[in-house]
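J.: Mind docking chain B on chain A? Use the hints.
Residue numbers (the numbering used here), protein chains in the order written: chain A, 1 to 417; chain B, 1 to 417.
Think of the hints as simulated: they come from the structure by calculation, not from any bench. Hints are not guaranteed to be accurate.
The list cannot tell twin chains apart, which means a pair is met if one copy fits it or any two copies do.
Heads up, simulated DSSO-like pairs for lysine-lysine below, C-alpha to C-alpha not over 30 Å straight-line [what the hints assert, rightly or not]:
{"no.": "1", "residue 1": "K57", "residue 2": "K362"}
{"no.": "2", "residue 1": "K57", "residue 2": "K310"}
{"no.": "3", "residue 1": "K75", "residue 2": "K6"}
{"no.": "4", "residue 1": "K33", "residue 2": "K380"}
{"no.": "5", "residue 1": "K35", "residue 2": "K6"}
{"no.": "6", "residue 1": "K113", "residue 2": "K310"}
{"no.": "7", "residue 1": "K75", "residue 2": "K109"}
{"no.": "8", "residue 1": "K109", "residue 2": "K362"}
{"no.": "9", "residue 1": "K362", "residue 2": "K33"}
{"no.": "10", "residue 1": "K33", "residue 2": "K109"}
{"no.": "11", "residue 1": "K113", "residue 2": "K35"}
{"no.": "12", "residue 1": "K57", "residue 2": "K75"}
{"no.": "13", "residue 1": "K109", "residue 2": "K35"}
{"no.": "14", "residue 1": "K310", "residue 2": "K26"}
{"no.": "15", "residue 1": "K310", "residue 2": "K35"}
{"no.": "16", "residue 1": "K109", "residue 2": "K380"}
{"no.": "17", "residue 1": "K6", "residue 2": "K109"}
{"no.": "18", "residue 1": "K75", "residue 2": "K362"}
Protein chains: 2
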Amino acid sequence: MDPLPKSPLAPERFPDMPEIAGVELKTGRTGMKYKDRDDLLLMHLPAGTSAAGVFTKSQTASAPVLWCRSLIDPKGGAAEGGRLVVVNAGNANAFTGSFGVDEVTATVKAGAKAIACAEEQVFVASTGVIGETMPPDTIAHVLTERAAVNDTDDWFAAAKAIMTTDTYPKGAFAETEIGGAVIKIAGIAKGSGMIAPDMATMLSFIVTDARIPSSVLQEMLSEDAQTSFNAITVDSDTSTSDTVLLFAAGTAGDHPDVTSLSDTHLRAFRGTLQSVLRDLAHQIVRDGEGATKFIEIQVRGATTTDSARKIGMAIANSPLVKTAIAGEDANWGRVVMAVGKAGEPANRDRIAIWFGGHRVAKDGVADPNFDETVVDAHLKGTEILLEVDVGVGRHAATVWTCDLTHGYISINADYRS
Amino acid sequence: MDPLPKSPLAPERFPDMPEIAGVELKTGRTGMKYKDRDDLLLMHLPAGTSAAGVFTKSQTASAPVLWCRSLIDPKGGAAEGGRLVVVNAGNANAFTGSFGVDEVTATVKAGAKAIACAEEQVFVASTGVIGETMPPDTIAHVLTERAAVNDTDDWFAAAKAIMTTDTYPKGAFAETEIGGAVIKIAGIAKGSGMIAPDMATMLSFIVTDARIPSSVLQEMLSEDAQTSFNAITVDSDTSTSDTVLLFAAGTAGDHPDVTSLSDTHLRAFRGTLQSVLRDLAHQIVRDGEGATKFIEIQVRGATTTDSARKIGMAIANSPLVKTAIAGEDANWGRVVMAVGKAGEPANRDRIAIWFGGHRVAKDGVADPNFDETVVDAHLKGTEILLEVDVGVGRHAATVWTCDLTHGYISINADYRS
Chain A
1 MDPLPKSPLA
11 PERFPDMPEI
21 AGVELKTGRT
31 GMKYKDRDDL
41 LLMHLPAGTS
51 AAGVFTKSQT
61 ASAPVLWCRS
71 LIDPKGGAAE
81 GGRLVVVNAG
91 NANAFTGSFG
101 VDEVTATVKA
111 GAKAIACAEE
121 QVFVASTGVI
131 GETMPPDTIA
141 HVLTERAAVN
151 DTDDWFAAAK
161 AIMTTDTYPK
171 GAFAETEIGG
181 AVIKIAGIAK
191 GSGMIAPDMA
201 TMLSFIVTDA
211 RIPSSVLQEM
221 LSEDAQTSFN
231 AITVDSDTST
241 SDTVLLFAAG
251 TAGDHPDVTS
261 LSDTHLRAFR
271 GTLQSVLRDL
281 AHQIVRDGEG
291 ATKFIEIQVR
301 GATTTDSARK
311 IGMAIANSPL
321 VKTAIAGEDA
331 NWGRVVMAVG
341 KAGEPANRDR
351 IAIWFGGHRV
361 AKDGVADPNF
371 DETVVDAHLK
381 GTEILLEVDV
391 GVGRHAATVW
401 TCDLTHGYIS
411 INADYRS
Chain B
1 MDPLPKSPLA
11 PERFPDMPEI
21 AGVELKTGRT
31 GMKYKDRDDL
41 LLMHLPAGTS
51 AAGVFTKSQT
61 ASAPVLWCRS
71 LIDPKGGAAE
81 GGRLVVVNAG
91 NANAFTGSFG
101 VDEVTATVKA
111 GAKAIACAEE
121 QVFVASTGVI
131 GETMPPDTIA
141 HVLTERAAVN
151 DTDDWFAAAK
161 AIMTTDTYPK
171 GAFAETEIGG
181 AVIKIAGIAK
191 GSGMIAPDMA
201 TMLSFIVTDA
211 RIPSSVLQEM
221 LSEDAQTSFN
231 AITVDSDTST
241 SDTVLLFAAG
251 TAGDHPDVTS
261 LSDTHLRAFR
271 GTLQSVLRDL
281 AHQIVRDGEG
291 ATKFIEIQVR
301 GATTTDSARK
311 IGMAIANSPL
321 VKTAIAGEDA
331 NWGRVVMAVG
341 KAGEPANRDR
351 IAIWFGGHRV
361 AKDGVADPNF
371 DETVVDAHLK
381 GTEILLEVDV
391 GVGRHAATVW
401 TCDLTHGYIS
411 INADYRS
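Here chain A stands alone, though its shape is the one from the complex (with noise of 0.2 Å):
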């Protein structure tokens, strides 16, 4: 088939992002499903570096992620950090029984071999086409053989060789500092374009090069996931293959030593890091399938965090919900519907609805002020705000989702692969 169009949602350019110090890129061919481009991330990181990293909670998690999450301790990261990612695009390897176990541990192997660091250090991750298993050590063969490998340490390159059917690369780099240091933050990201019998699955790779130990990245990582990748939905499916994966490099200049999450001077850092998660998650969220209009949605008035973010999820899931956005409809009682449906705490008669801050609904009734030619405007335009107050308590939570289009099923019903 012919490559989607570009989403209408897509920021306007990849980002500048310098490259961080010490940290080697390559891209490579495997000849797999994308014969004409790159389809193979080789991440490179000096001795010392640590690692984090946070995966799907399906069940039926691929071979790769089983691999990953056997690396990473959920309250104190990777033990022996991280020393290589591998990445390709175009096989899942999900699905795939002992085979995709053997080829995960081909791979592993061939990289430690390569860059001479111990097969614990070495992070592998693939997305594509699910239950296909690949040709045996085809990704060790490329690493091995160093067959059609290019020194790149270009983040553009690397975004681009981990693209499946994203309709563009994903990148967001940001400076801080740690005491006085400065500290760089990159990361790439793909996901959320899906073909059949493809599977959108959400990648992202955040390299810094402060010095940070592994558990207290561990930490900032799953805290902070919450509030990024775990705050965005598509379509409410969840892929066998999601991996985040964080790595400080430590090769900024001198800085005080980091030892926990409370540390002042983290603070700086930690608020980078995540509006640099965030960013990531919302460029997924804005290449979702068929999306028109990006939505974000504020929940407030809730019993607790939790609670709000559910009720947040349970609308952005919401088919009727994310149809009445593409109609450009404000369709209040949709958005009451999928707070009852949360099965969290709310009162009927206290929840208030705004769309574009104007309310449309208060007390449990339609506001009697509600101008509909206001909010029909906001509703045209592509960045949508929704608010809801559910009137129980004093905890709120944001998530991200976008519009439910013909698009959408274009994508998943109508194409053939």
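T.: Relative to chain A, chain B alone:
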């Protein structure tokens, strides 16, 4: 807008449905939304009728649901039994605050007065637009004045009066026996067509002439709803108004007393009731907005029945599975994904999947003997069977859904009210 075309999955015709002795059906016009048709159903039940009900679990349930819930003990059914059911179509009386409660109160008072029964014996249900208050006492006025009320005693007219965006009226009838006495069971339902700003609501009312106490009736309905109305899904969205009421009028020929669910002479009745409930539930799915395929999903090999049902619903609610079937694509990878996201026990390497009885995957990989032409032929039909063995236990469950097509988007996004 023009009425939607009749669903291609509709039954050929409305069934023959004899009267239930002692039960009077009337339809009327409120003049609210549907000006040129009856939009009100009155079901008048004889003294001594016992009653049971199950309702939406929504936290933002409508005023009529809150009233009905107050009459029904989830363990014991309706203490006072039921004498009158008042159902209107066109206005859901949901998210209407104290106005909605007042409307229900007025309707109940007028109904009780009209037939000289207790207010606690009057059940109400509303379906249609959400968030719009009715003109005060609209339904009470019809009940009091008996203006525009037709004594119809015709299930077809009754089923038509409660339609909103349904493309056909839904009814089911069966005969059975208790201790040799002939027993009738008749039911009607509405649901699953949606138009902005309406919301699909599932309503169903079932009446038998058997003599069964409310407590047994309630136990039976609560249990059997799990394998009928609670085992269907169109788009995962839960209405604020879902209501299923079951009445036993006790007007059949003499039969042995029924005192508990385990009475052996209740066995035939129960099997027949289940088939009536399932028939009505299936008719709702067959009228799912935009549906072109009716999908039965059988999950087995699960650790518990509840776990099997949750896995089945995760598959049935997956937009990726539903679009794949719309596209006639045997995309079992998406089925695996949906099993994984259910969060229930499953053995990735023992999962097996069949379409139309043909195995496409086993032991965690594609079935090498999978004959694509046979499976493709099955998927081109309108009745799709998907079987999944998750490989960890001995429990099973079946759920039903429809595919997700451009028709769904058109109905819910393109049309404006």
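J.: At 30 Å max between alpha carbons, let me know whether K113 reaches K35 within a copy, between copies, both or neither.
T.: Close inside one copy (27 Å), not across copies (78 Å); limit 30 Å.
J.: Cα distance capped at 30 Å. Does K75 pair with K362 within a copy, between copies, both, or neither?
T.: For K75 and K362, neither the intra-copy (43 Å) nor the inter-copy (36 Å) Cα distance is at most 30 Å.
J.: Given identical chains, is K33 near K380, meaning Cα to Cα at most 30 Å, within a copy, between copies, both, or neither?
T.: between (39 Å within a copy, 28 Å between copies)
J.: If the cut is 30 Å between Cα atoms, do K113 and K310 qualify within a copy, between copies, both or neither?
T.: Close neither inside one copy (45 Å) nor across copies (45 Å); limit 30 Å.
J.: Within a copy, between copies, both or neither: which one fits K57 and K310 at a CA-CA cutoff of 30 Å?
T.: Both ways: K57 and K310 sit 16 Å apart in one copy and 16 Å across, limit 30 Å.
J.: Within, between, both or neither: how does the pair K6, K109 come out at a Cα-Cα threshold of 30 Å?
T.: neither (38 Å within a copy, 60 Å between copies)
J.: As a check of your reading, is K75 near K6 (CA-CA no more than 30 Å) within one copy, between copies, both or neither?
T.: Neither: 39 Å inside a chain and 56 Å across chains, both beyond 30 Å.
J.: Could you figure out if K35 and K6 sit no more than 30 Å apart (CA to CA) within one copy, between two copies, both or neither?
T.: Classified as within; 21 Å inside a copy, 47 Å across copies.
J.: 30 Å Cα cut-off: does K109 pair with K35 within a copy, between copies, both or neither?
T.: Classified as within: same-chain Cα gap 25 Å, cross-chain 74 Å, threshold 30 Å.
J.: With 30 Å as the alpha-carbon cut-off, assign the pair K362 and K33 to within, between, both or neither.
T.: between (53 Å within a copy, 24 Å between copies)
J.: Regarding K310 and K35, is the shortest C-alpha distance of 30 Å or less found within a copy, between copies, in both, or in neither?
T.: Classified as neither: same-chain Cα gap 42 Å, cross-chain 40 Å, threshold 30 Å.
J.: 30 Å Cα cut-off: does K109 pair with K362 within a copy, between copies, both or neither?
T.: Close across copies (29 Å), not inside one copy (61 Å); limit 30 Å.
Of the numbered hints listed earlier, those contradicted by the structure are 3, 6, 14, 15, 16, 17, 18.
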